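Participant: For the sequence shown, UniProt numbering assigns the number 1 to the initial residue and increments by one for each residue that follows.
In case anyone wonders, no lab produced these hints; they're calculated from the structure.
In this text, all values refer to a predicted model and were calculated from it rather than measured experimentally.
A virtual CB, placed ideally from N, CA and C, is assigned to each residue, including glycine.
Among these hints, one or two may not hold up.
Unchecked claim - Derived Cβ-Cβ restraints for the label pairs, each shown as a range: (1) THR82 x PRO57: 15 to 21 Å; (2) ARG59 x PRO13: 32 to 38 Å; (3) GLU11 x ARG81: 42 to 48 Å; (4) ASN8 x LYS47: 31 to 37 Å.
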Amino acid sequence: MDETSGPNQAEAPAKLLDLLSPTSAEFALDWRMRCRAHAARSGRRLKSGDVIRLATPLRFSDGAELQTFRIAREKWGRSNRTVFISTENGGRYSVSNIMSRDWTHI
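Between the sequences and the hints, there should be enough to build the whole structure, so can you do that?
Facilitator: Here it is, written out as structure tokens:
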């Protein structure tokens, strides 16, 4: 399979994409765009105290639909874990796959 087949996986690093020759193939252009979007998201970092806003609200098991969170790092056994504290209701939440989600720093 090559990029003109429109692969489902779109996690090629930007360094590899920069080496590719120009193309006009629609599937290849779409794949390259998805790879670049993934590379941009994966380069982001979160540190304690950051405030982020998700592009779309998440619904949690307590029924809350939330979009804005303050990041906190807490000691959990021998390691640290990331806790998302809602700026909307003050609740503490866990958000899976945060780096693959669309969000912005506030």
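Participant: Among all the numbered hints in the text so far, which are the ones the structure does not match?
Facilitator: 3
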